[in-house]
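Visitor: Sequence:
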Amino acid sequence: MSRKKYKYSTQVQFGYGPDGKRIRKRFSADTKVELNAKIEQYKESLRRASNPSEITFGVYSEKWKETYKQNRSQKTQDMYDYALTKCSALDGVAVCRITKTMCQAIINEVWDKPSTARQVHLTLYQVFKAAINDGIILKNPAAGVEIPKAKKKEIYLMTDADLEAVRKAKLNPKDRMFVEILMVFGLRPGEALALKSEDFDIRRKILHITKSLELLDDGSSLLKETKTGVSRDIPVPKQIIPHLKAYFKDMKGDYMFPKEDGNLFTKSAYRKMSVRIANRIIEAGGPKITMYQFRHRRATDLYYLTQKGTISVKKASSLLGHSEEVFLSTYAHIDEEKEDVSKLYAGLKL
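In terms of this note's numbering, the sequence shown is residues 1 to 350.
Rather than coming from a laboratory, the hints here were simulated on the basis of the structure.
Owing to the predicted nature of the structure, the values given are computational and were not obtained by experimental measurement.
A virtual CB, placed ideally from N, CA and C, is assigned to each residue, including glycine.
Be aware that one or more of the hints could be misleading.
Simulated DEER-style distance windows between Cβ atoms [unchecked claim]:
| # | residue 1 | residue 2 | range |
| --- | --- | --- | --- |
| 1 | Leu163 | Lys272 | 22 to 32 angstroms |
| 2 | Lys149 | Asp250 | 45 to 55 angstroms |
| 3 | Ile282 | Glu109 | 37 to 47 angstroms |
| 4 | Ile282 | Arg72 | 32 to 42 angstroms |
| 5 | Gly262 | Gln41 | 47 to 57 angstroms |
| 6 | Gly285 | Asp30 | 29 to 39 angstroms |
| 7 | Asp199 | Leu138 | 43 to 53 angstroms |
| 8 | Ile132 | Met251 | 28 to 38 angstroms |
| 9 | Asp201 | Gln11 | 42 to 52 angstroms |
| 10 | Glu325 | Asp78 | 44 to 54 angstroms |
| 11 | Glu283 | Ile132 | 55 to 65 angstroms |
| 12 | Asp30 | Lys170 | 29 to 39 angstroms |
Using the sequences and the hints, build the whole thing.
Guide: Encoded structure:
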């Protein structure tokens, strides 16, 4: 997401919160006069904030973010920060005086960017939902607001020929195991990068997914909960067990996929590995793919199984760490007749 760069920017402290932490807010503007005006407007909002009926959107949304979103990933927090910048026209307006028409005007400003419009609407809706719970307003002015429809990205479905190229690709042991983990279990790359050998219960043939590795822009990484915050168990096919045992035997640390120096992956290291794997697959006659397409392939296979009645939609979505709604909206467009998945588990090749 591209963000406007202002000429003047400063951070102002407004006392301390209940937890003893300093309350700060950053202000940005194109001129010093505009910058000072924004600061004074915010101070005036604070002076009126003691009366819930007069608390402004700018003050309340800041408190909402600090209260409800501070434990979310940095990427998610950045998304809310960005969305709130698009709502700046409401900052000086009392929450109780904001109307559906005002919310629609905010969305209209970003109508040509469907993804941003959805993020802004989600943020507005959540802020006002909290305001309802706090007794500031009675109904949500963001409810029923129209948002642009996003063009659904077509997911490339890996074919059996593509998978054969993956098997023939000359991958080093760590890259090979990473690909097999993504392909067999349908994990998100961050979930695979967070794996330890102890996450596999070989005796019971179960893989426990409890965490994910978030790769930050500053070159660091952070272990956190899964994307949905819910742990899940996935069956371990017997075909992969010998591969796992051999790999565990040669591991030198706790994590299955560390960098060469033994530390957790960073964004640049992951990008380097992904490009290396993709190039090896191309050399073996396969298409140019991303690491997420291994997950899409497994998700597609699971969708086919729901259509055949082999497993329920609830079970398939839980194996992927999806909600049922997301699972169906993402894969329900697939034509079941396009692929033959009769050998999905029984004939799984590694």
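Visitor: Using the C-beta atoms of Ile282 and Arg72, is the stated range 32 to 42 angstroms upheld?
Guide: holds (37 angstroms)
Visitor: Could you say whether the range 42 to 52 angstroms given as a hint is met by the Cβ separation of Asp201 and Gln11?
Guide: holds (49 angstroms)
Visitor: Is the distance from the Cβ of Lys149 to the Cβ of Asp250 consistent with 45 to 55 angstroms?
Guide: 50 angstroms Cβ-Cβ, so the 45 to 55 angstroms window holds.
Visitor: Has the hinted range 44 to 54 angstroms been met by the Cβ atoms of Glu325 and Asp78?
Guide: violated (25 angstroms)
Visitor: Starting from the range 55 to 65 angstroms, see whether the pair Glu283 and Ile132 falls in it by beta-carbon distance.
Guide: With a Cβ separation near 57 angstroms, Glu283 and Ile132 satisfy 55 to 65 angstroms, so the hint holds.
Visitor: Confirm or reject the claim that Ile282 and Glu109 have a C-beta distance inside 37 to 47 angstroms.
Guide: holds (42 angstroms)
Visitor: Go ahead and decide if the range 47 to 57 angstroms is satisfied by the Cβ distance of Gly262 to Gln41.
Guide: Since Gly262 and Gln41 have Cβ atoms about 51 angstroms apart, the given range 47 to 57 angstroms holds.
Visitor: Indicate whether the distance between the beta carbons of Leu163 and Lys272 respects the range 22 to 32 angstroms.
Guide: Distance hint for Leu163, Lys272 holds at roughly 24 angstroms.
Visitor: Evaluate the given range 29 to 39 angstroms for the C-beta pair formed by Gly285 and Asp30.
Guide: violated (54 angstroms)
Visitor: Could you say whether the range 29 to 39 angstroms given as a hint is met by the Cβ separation of Asp30 and Lys170?
Guide: Hint violated: Cβ distance 54 angstroms, outside 29 to 39 angstroms.
Visitor: Range hint 43 to 53 angstroms: satisfied by the CB atoms of Asp199 and Leu138?
Guide: With a Cβ separation near 47 angstroms, Asp199 and Leu138 satisfy 43 to 53 angstroms, so the hint holds.
Visitor: Could you see if the CB distance from Ile132 to Met251 stays within 28 to 38 angstroms?
Guide: At 51 angstroms between Cβs, range violated.
In terms of the numbered hints stated before, the structure departs from hints 6, 8, 10 and 12, listed from lowest to highest.
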